[in-house]
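K.L.:
Sequence:
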Amino acid sequence: MYVSERHQSRLEQALLDVTQIHTIEVIMPFEQPQSIRTVFFDAGFTLIRPNPSTPEICQRVCQQLNLHIHLDEVKERMNEAQDYYLRNMSLNRHTWGNEEAISEFWIGYYMTLLRPFIEEHDEHRLYQLAHGINEEFDKHSSWQLYPDVLPTLEALRKHGGYTLGVISDWGISLGPILRQLQLTPYFDYLLISAVTRHAKPSPMLYDLALQRANSIADYTLHIGDSYILDVLGARSVGITPVLLDRDRHVDESNVDCLLVHSLTELLDLLEVPR
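For the sequence shown, the numbering used here begins at 4 and goes up steadily by one.
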């Protein structure tokens, strides 16, 4: 999922209202890091982010398709696109469990973004542009690793001997994206919602991850940037959740889970040498 980071808190609150999942009290801090043997990672905005940014990718594709718009105009439309995201997610959280539905959703998202720049009633042109953007995001070149990803994965492999996996709400393109970004050698398992037919925060997705990894929830940790999808989803099956807050938008006193601001802080949490 590749919604821009600056809209994350707004989306989180809306999804919390939709899912109506209630938190439970957890014991802090993390008391037995040595017990963790399996670590699952979210993908979008945890391991990878748009390259260089969502608005810039949209503008570039439009230029390639002979629609010349200023980058600031695209950025100004992002709020409207996020409203589309919120409306549709409130209606159907199961979108991420179906490849065709995922594609239709993102095409609708980009059509909403670009609509003011297209002549009225020219839906074919609008669809062409949105489809082109959606295809662009299926390419590994539209994604980049965060600087802390490889050092963290290297350290976990070298010092911990952990079983590592990815759990992500994404289409089938995520596998090739991670492979071409040279990430797949680090992971033992990749669970993509479009393939498993289960989306976050469904306990079925996290249960399936435990089964694939032949792991027990008590010895498993999951890290991601979404409180609703990652923290509550993992916690629903007994996995220890860690919330990744790269931009420091979260008030630590207001969360009931482990909180880090980088993946290297995860190493400190697990007492793994950097």
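Read the hints as simulated data drawn from the structure, not as lab findings.
Incorrect hints may have been included.
Stated by the list, open to error - Label-pair restraints from in silico Cβ distances:
hint: 1; residue 1: Gln131; residue 2: His162; range: 46 to 56 Å
hint: 2; residue 1: Asn95; residue 2: Leu74; range: 23 to 33 Å
hint: 3; residue 1: Leu94; residue 2: Pro276; range: 44 to 54 Å
hint: 4; residue 1: Ser56; residue 2: Pro119; range: 15 to 25 Å
hint: 5; residue 1: Arg160; residue 2: Gln35; range: 14 to 24 Å
hint: 6; residue 1: Glu76; residue 2: Gln183; range: 28 to 38 Å
hint: 7; residue 1: Pro150; residue 2: Asp210; range: 31 to 41 Å
hint: 8; residue 1: Glu34; residue 2: Asp210; range: 21 to 31 Å
hint: 9; residue 1: Glu122; residue 2: Pro276; range: 36 to 46 Å
hint: 10; residue 1: Gln185; residue 2: Glu274; range: 41 to 51 Å
hint: 11; residue 1: Ile219; residue 2: His127; range: 51 to 61 Å
hint: 12; residue 1: Arg128; residue 2: Glu103; range: 46 to 56 Å
We put the beta carbon where it would ideally sit given N, CA and C, even for glycine.
K.L.:
Against each hint, give a clear statement of whether it holds in the structure.
P.N.:
Against the structure, the hints:
1. Gln131 with His162: 46 to 56 Å: Because 50 Å falls inside the window, the suggested range holds.
2. Asn95 with Leu74: 23 to 33 Å: 31 Å, holds
3. Leu94 with Pro276: 44 to 54 Å: Holds - the Cβ-Cβ distance for Leu94 and Pro276, about 47 Å, lies within 44 to 54 Å.
4. Ser56 with Pro119: 15 to 25 Å: Distance hint for Ser56, Pro119 holds at roughly 20 Å.
5. Arg160 with Gln35: 14 to 24 Å: Check passed, 21 Å falls within 14 to 24 Å.
6. Glu76 with Gln183: 28 to 38 Å: Holds, since Glu76 and Gln183 (Cβ atoms, about 31 Å apart) stay within the stated range.
7. Pro150 with Asp210: 31 to 41 Å: 33 Å, holds
8. Glu34 with Asp210: 21 to 31 Å: 25 Å, holds
9. Glu122 with Pro276: 36 to 46 Å: Once the Cβ atoms are compared, 60 Å apart, the range 36 to 46 Å for Pro276 and Glu122 is violated.
10. Gln185 with Glu274: 41 to 51 Å: Between Gln185 and Glu274, where Cβ atoms are some 27 Å apart, the hint is violated.
11. Ile219 with His127: 51 to 61 Å: 53 Å, holds
12. Arg128 with Glu103: 46 to 56 Å: 22 Å, violated
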